[in-house]
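Asker: Take a look at the letters that make up each chain.
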Amino acid sequence: EAQVTQNPRYLITVTGKKLTVTCSQNMNHEYMSWYRQDPGLGLRQIYYSMNVEVTDKGDVPEGYKVSRKEKRNFPLILESPSPNQTSLYFCASSYMGQRYEQYFGPGTRLTVT
Amino acid sequence: LAKTTQPISMDSYEGQEVNITCSHNNIATNDYITWYQQFPSQGPRFIIQGYKTKVTNEVASLFIPADRKSSTLSLPRVSLSDTAVYYCLVGSLSGTYKYIFGTGTRLKVLA
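For the record, the sequence lines run as chains Z and C. Quick note on numbering: my numbering labels position 3 of the first sequence as 3, and the sequence is numbered without any gaps. Quick note on numbering: my numbering labels position 82 of the second sequence as 1082, and the sequence is numbered without any gaps.
Take these hints with a grain of salt, some might be off.
[To be verified] Ranges of calculated distance between the beta carbons of each label pair, as one might list FRET restraints:
1. C:Asp1011 with Z:Gly63: 26 to 32 angstroms
2. C:Thr1053 with Z:Asp38: 33 to 39 angstroms
3. C:Thr1103 with Z:Lys57: 17 to 23 angstroms
Because the hints were derived from the structure by calculation, they are not lab data. Remember, predicted model here, so these are calculated numbers, not experimental data. Beta carbons are placed, not taken as given, at the ideal position from N, Cα and C, and that holds for glycine.
Work the whole structure out from these sequences, hints included.
Answerer: See below:
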């Protein structure tokens, strides 16, 4: 089954404790992206990747890191999480030629206390 | 990236046709219009995409007038399960790799 998976689905952590949210897709998509969703603010793009080893900043990259060492994986790293990063996070992927037809993961709800 | 404007919310009743309009006055020549649907606590799901005139699939229709400064997503005979947030995006398939979803339109279908 074609899908985007994220882990963990729920995470409660404390300020400053490094964490990684994993994202994996099995559709051989070149393009992958991370979004955060907050009430009243809609979906905002954090980082995106056009292919292996090619990444760039979205609209809200501060406090986040990403890497794309393999085509199928695109982890989101929070080196020193803060309470304002409490949010619902989504990973998405698509073919480069069909970049607006993105497939989204189920989401990761992160709480930073 | 073209900025889009949508109504914040809409209510409808089961069985009715729902039309959600998106305004994108500064759409560029190469831009396409794409709509997504998002249910609570789920990731958005691609619904439909178009460039001009009318596009129809098994889920919805997309109407785009000749000047392309707006577009209308049409959902025929909605049911309670169509209650969701609907997002309009505008962008080129060959341009920037950034996406701006905006806050979308919250559709509530009533029994």
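Asker: Would you mind marking each hint as holding or not holding in the structure?
Answerer: Structure-based check of each hint:
The hint said 26 to 32 angstroms for the Cβ distance between C:Asp1011 and Z:Gly63, and at roughly 38 angstroms that hint is violated. Evaluation of the 33 to 39 angstroms hint for C:Thr1053 and Z:Asp38 yields a pass: the beta carbon distance comes to about 36 angstroms. A beta carbon spacing of about 21 angstroms between C:Thr1103 and Z:Lys57 agrees with the range 17 to 23 angstroms that was offered as a hint.
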